[in-house]
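So the protein lines, in turn, are chains A and B.
3 is the number of the first residue of the first sequence in the numbering used here; add one for each residue after it.
3 is the number of the first residue of the second sequence in the numbering used here; add one for each residue after it.
Hints in this document: simulated from the structure, not taken from any laboratory.
Honestly, I wouldn't trust all of these hints.
The list treats identical chains as interchangeable, and a pair is accepted whether it falls inside one copy or across any two copies.
When the alpha-carbon atoms are kept at most 20 Å apart in a straight line, the in silico SDA-like pairs for lysine to any residue are as follows [stated by the list, open to error]:
(1) 20 <-> 406
(2) 94 <-> 285
(3) 73 <-> 309
(4) 20 <-> 227
(5) 399 <-> 52
(6) 252 <-> 211
(7) 94 <-> 250
(8) 20 <-> 224
Note that the structure is predicted; figures quoted are calculated from it, not measured.
2 protein chains.
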Amino acid sequence: MKSSHPYSLLQILPYLGKWTLIAGLVALASGTASALFLWALDWATASRTTHYWLIWLLPLAGWVVSWVYLKVGTQVEAGNNLLIDEIHDPRKVVPLRMAPLVLLATVISHLFGASVGREGTAVQMGGSLADQLTHLFRLRQEERRIVLMAGISAGFASVFGTPLAGAIFALEVLAIGRLRYDAIFPCMLSAILADQIGMAWGIHHSHYAAGAIVALGPWSLLAVLLAGLVFGLTAWLFASAVHALTALLKRLIPYAPLRALAGGVVLVLAVAALGQRYTGLGIPVMLEAFAHPLPWWDSAGKLVFTLVSLGSGYKGGEVTPLFFIGATLGNALAPLLNLPFGMLAALGFVAVFAGAANTPLASTVMAIELFGPQIGPYAALACVMAYLCSGHRGIYKAQTVAVHKHRIGPPDGQP
Amino acid sequence: MKSSHPYSLLQILPYLGKWTLIAGLVALASGTASALFLWALDWATASRTTHYWLIWLLPLAGWVVSWVYLKVGTQVEAGNNLLIDEIHDPRKVVPLRMAPLVLLATVISHLFGASVGREGTAVQMGGSLADQLTHLFRLRQEERRIVLMAGISAGFASVFGTPLAGAIFALEVLAIGRLRYDAIFPCMLSAILADQIGMAWGIHHSHYAAGAIVALGPWSLLAVLLAGLVFGLTAWLFASAVHALTALLKRLIPYAPLRALAGGVVLVLAVAALGQRYTGLGIPVMLEAFAHPLPWWDSAGKLVFTLVSLGSGYKGGEVTPLFFIGATLGNALAPLLNLPFGMLAALGFVAVFAGAANTPLASTVMAIELFGPQIGPYAALACVMAYLCSGHRGIYKAQTVAVHKHRIGPPDGQP
Numbered sequence: 003m004k005s006s007h008p009y010s011l012l013q014i015l016p017y018l019g020k021w022t023l024i025a026g027l028v029a030l031a032s033g034t035a036s037a038l039f040l041w042a043l044d045w046a047t048a049s050r051t052t053h054y055w056l057i058w059l060l061p062l063a064g065w066v067v068s069w070v071y072l073k074v075g076t077q078v079e080a081g082n083n084l085l086i087d088e089i090h091d092p093r094k095v096v097p098l099r100m101a102p103l104v105l106l107a108t109v110i111s112h113l114f115g116a117s118v119g120r121e122g123t124a125v126q127m128g129g130s131l132a133d134q135l136t137h138l139f140r141l142r143q144e145e146r147r148i149v150l151m152a153g154i155s156a157g158f159a160s161v162f163g164t165p166l167a168g169a170i171f172a173l174e175v176l177a178i179g180r181l182r183y184d185a186i187f188p189c190m191l192s193a194i195l196a197d198q199i200g201m202a203w204g205i206h207h208s209h210y211a212a213g214a215i216v217a218l219g220p221w222s223l224l225a226v227l228l229a230g231l232v233f234g235l236t237a238w239l240f241a242s243a244v245h246a247l248t249a250l251l252k253r254l255i256p257y258a259p260l261r262a263l264a265g266g267v268v269l270v271l272a273v274a275a276l277g278q279r280y281t282g283l284g285i286p287v288m289l290e291a292f293a294h295p296l297p298w299w300d301s302a303g304k305l306v307f308t309l310v311s312l313g314s315g316y317k318g319g320e321v322t323p324l325f326f327i328g329a330t331l332g333n334a335l336a337p338l339l340n341l342p343f344g345m346l347a348a349l350g351f352v353a354v355f356a357g358a359a360n361t362p363l364a365s366t367v368m369a370i371e372l373f374g375p376q377i378g379p380y381a382a383l384a385c386v387m388a389y390l391c392s393g394h395r396g397i398y399k400a401q402t403v404a405v406h407k408h409r410i411g412p413p414d415g416q417p
Numbered sequence: 003m004k005s006s007h008p009y010s011l012l013q014i015l016p017y018l019g020k021w022t023l024i025a026g027l028v029a030l031a032s033g034t035a036s037a038l039f040l041w042a043l044d045w046a047t048a049s050r051t052t053h054y055w056l057i058w059l060l061p062l063a064g065w066v067v068s069w070v071y072l073k074v075g076t077q078v079e080a081g082n083n084l085l086i087d088e089i090h091d092p093r094k095v096v097p098l099r100m101a102p103l104v105l106l107a108t109v110i111s112h113l114f115g116a117s118v119g120r121e122g123t124a125v126q127m128g129g130s131l132a133d134q135l136t137h138l139f140r141l142r143q144e145e146r147r148i149v150l151m152a153g154i155s156a157g158f159a160s161v162f163g164t165p166l167a168g169a170i171f172a173l174e175v176l177a178i179g180r181l182r183y184d185a186i187f188p189c190m191l192s193a194i195l196a197d198q199i200g201m202a203w204g205i206h207h208s209h210y211a212a213g214a215i216v217a218l219g220p221w222s223l224l225a226v227l228l229a230g231l232v233f234g235l236t237a238w239l240f241a242s243a244v245h246a247l248t249a250l251l252k253r254l255i256p257y258a259p260l261r262a263l264a265g266g267v268v269l270v271l272a273v274a275a276l277g278q279r280y281t282g283l284g285i286p287v288m289l290e291a292f293a294h295p296l297p298w299w300d301s302a303g304k305l306v307f308t309l310v311s312l313g314s315g316y317k318g319g320e321v322t323p324l325f326f327i328g329a330t331l332g333n334a335l336a337p338l339l340n341l342p343f344g345m346l347a348a349l350g351f352v353a354v355f356a357g358a359a360n361t362p363l364a365s366t367v368m369a370i371e372l373f374g375p376q377i378g379p380y381a382a383l384a385c386v387m388a389y390l391c392s393g394h395r396g397i398y399k400a401q402t403v404a405v406h407k408h409r410i411g412p413p414d415g416q417p
């Protein structure tokens with residue numbers, strides 16, 4: 003057959019063999035690291051819940067972690083952004099130390115009650131472990147991009163138990179408005195395997211029950227579009243505020259350990275006033291958001307706790323707090339929009355994340371993986387709407403803008 | 003907040019209002035057209051099944067349809083490829099006559115027993131109806147791209163009852179290896195609304211029950227990768243053969259009506275020898291493929307009937323025959339791979355299509371919409387594998403190659 007790109011099966015077999023092996027190794031390392039991490043996170047959360055006084059040590063813990071990063075972690079401090087930068091412009095292998103540093107730092111964040119997530123940790127462990135294969139397989143810089151993406155994919159998939167969302171996340175997060183397929187096979191395979199390996203280590207994921215999803219109709223569609231707009235603005239507020247607060251604190255308190263100490267003190271005072279509702283991952287509150295009405299300020303409370311935690315340098319990530327903010331916000335919007343709590347909590351869960359990370363397809367697929375296919379059309383509308391309304395600067399500063407979200411320009415010849 | 007792309011909510015409200023209205027109109031036109039088409043298709047199929055002798059008139063029907071296209075349809079003859087070309091390089095509005103011509107031609111194909119599909123028809127009706135809004139809204143050429151994509155999305159979604167797959171298909175089909183998000187909102191909204199409008203007209207979609215999906219494990223994953231490879235090679239064979247046969251017949255018989263007549267005669271002779279198993283959409287055989295073992299030659303038979311039908315110019319489309327070929331091939335592979343019939347039929351259903359249309363994400367999402375989320379990881383692997391192994395020239399000749407499937411090059415600065 004004549005074709006502008008001649009094709010033969012022989013060409014593809016070495017590609018398939020090599021990347022199946024690499025994806026398997028990435029999944030083994032990343033799935034195992036995620037399992038260890040989730041186990042440690044359970045331990046840290048349980049310890050904090052039974053030893054209330056641990057929260058008083060948060061400022062000190064923040065100081066120590068920041069000091070350690072200052073001494074041995076400046077190269078890996080940029081975290082997720084370092085990985086995204088290396089994928090855009092591959093230069094040198096990500097230091098292996100990123101994995102243990104972010105693991106320990108995040109477990110300490112959670113043990114002492116900072117309000118942070120876990121996707122950053124899983125993604126950074128996945129990325130840095132995967133990148134160590136660069137030497138083993140003598141990979142070219144172009145191939146390193148693919149390995150790093152497979153690592154991100156495996157980390158995300160195994161920490162949340164959502165393999166397809168993990169793979170699409172890794173493809174989608176690099177740039178706003180465009181998704182390339184060159185890493186689709188390694189990302190899919192490593193995500194699915196890493197999720198299996200995590201579960202083989204005995205990891206269980208939280209189960210959120212969205213409950214009844216109402217039939218599609220004019221009102222429910224309009225209501226979900228409106229909710230998506232609110233979710234998008236919340237995502238914009240979160241991403242803008244976290245960048246602004248981080249910059250402000252860096253200017254006010256240039257010495258990182260002191261910054262973490264100050265942030266810790268603010269958090270401790272806030273906990274003294276409001277209790278532990280907004281510390282840590284907050285999974286119990288998220289479960290509540292699917293079950294019964296919650297006060298509207300739960301999302302605001304979590305937003306402020308998370309801003310202070312991330313802005314003052316605590317490690318972990320943004321995504322689980324975004325799930326919390328979205329689920330509680332959806333819960334609060336449900337009576338206003340006359341839709342079930344569980345359904346809107348589920349939509350908020352994925353859509354605030356979609357807007358903040360600029361990953362509408364991964365978030366839609368995540369909704370289907372977590373809540374079932376019936377929520378699909380609603381999740382797609384809420385996530386796309388949130389994506390459109392969240393501006394062009396998400397939580398990942400290294401993410402580039404490939405295609406403007408809502409200014410329609412001429413086709414660039416590369417549709 | 004400072005940002006390289008300044009953002010304000012006011013900027014986006016006119017965009018949202020305009021495209022919500024356009025997506026609604028596209029969905030109304032396309033969903034209604036699909037409903038009419040599916041109703042006519044049911045009538046045509048039922049008529050053929052009760053009046054066996056209609057098949058003898060196929061060559062004559064082919065002559066008449068080709069003659070009509072020659073007289074009034076040369077501008078719209080290119081069908082799906084015309085739409086894709088206009089999206090890549092918008093020039094002039096697609097003539098409205100594309101819609102009634104392809105509708106009638108496809109119903110005639112099915113009434114007299116050609117082996118063709120229906121997605122081409124739905125997509126062409128959706129695209130040409132949508133493009134008529136260009137005048138009404140005084141759209142710029144760049145905006146026409148988006149309207150055409152929304153039309154494709156709405157047509158695909160409403161004819162198969164798979165809204166998310168329809169939207170992703172429209173974004174994904176334009177170029178191999180890259181997906182742009184500039185049409186994501188109009189495509190999602192028009193797909194979901196068109197599907198609803200089709201159902202409001204009383205349309206029902208065939209339900210295929212994949213049955214038990216085995217738990218993920220080393221063997222099942224490896225088996226599905228192998229099956230994906232076979233599905234991809236089948237897709238490659240189909241796409242290559244349809245282009246080659248079309249070119250050959252054009253050279254041998256330059257006069258289009260005579261070509262259709264000759265193809266019709268071959269099909270009639272084949273039906274006389276083998277019966278009607280491979281004519282029309284073939285939904286009863288597809289349902290069998292999910293239920294019990296079928297002979298391996300069912301997929302080969304359908305492939306040959308479809309090649310002759312499409313190669314000699316019968317209208318309809320490739321996708322439903324690809325579903326048939328994939329489902330029966332999956333069925334035949336099931337005992338060899340020691341996996342359930344229904345599961346492999348479901349995977350073949352989507353994966354041969356994924357390989358031939360180069361739309362692995364739309365096909366994976368379609369699998370979840372049709373067969374439930376449990377099949378997700380398997381469908382993703384089978385579809386991605388089929389995509390990798392199907393070469394760079396799919397069924398749509400106007401599709402461009404944006405990113406090579408398995409040759410890893412330097413990042414192009416536009417990840």
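Checked hints:
Taking the shortest alpha-carbon separations for residue 20 and residue 406, only the inter-copy value of 17 Å comes in at or below 20 Å, while the best intra-copy value is 36 Å. When the C-alpha separation of residue 94 and residue 285 is checked against a cutoff of 20 Å, the pair qualifies neither within a copy, at 37 Å, nor between copies, at 54 Å. When the C-alpha separation of residue 73 and residue 309 is checked against a cutoff of 20 Å, the pair qualifies neither within a copy, at 25 Å, nor between copies, at 67 Å. Taking the shortest Cα distances, residue 20 and residue 227 sit within 20 Å of each other only across copies (14 Å), while inside one copy they are farther apart (44 Å).
Proximity of residue 399 and residue 52 under a CA criterion of 20 Å is satisfied in neither setting, with 37 Å inside one chain copy and 64 Å between copies. In this assembly of identical chains, residue 252 and residue 211 lie within 20 Å of each other by CA distance neither inside one copy nor across copies; the values are 41 Å within and 58 Å between. Neither within a single protomer nor between protomers do residue 94 and residue 250 lie at most 20 Å apart by alpha-carbon distance, with minima of 30 Å and 52 Å respectively. Proximity of residue 20 to residue 224 under the C-alpha cut-off of 20 Å is restricted to the inter-copy arrangement: shortest distance 15 Å between copies versus 48 Å within a copy.
Comparing the model with each numbered hint stated earlier shows that hints 2, 3, 5, 6, 7 do not hold.
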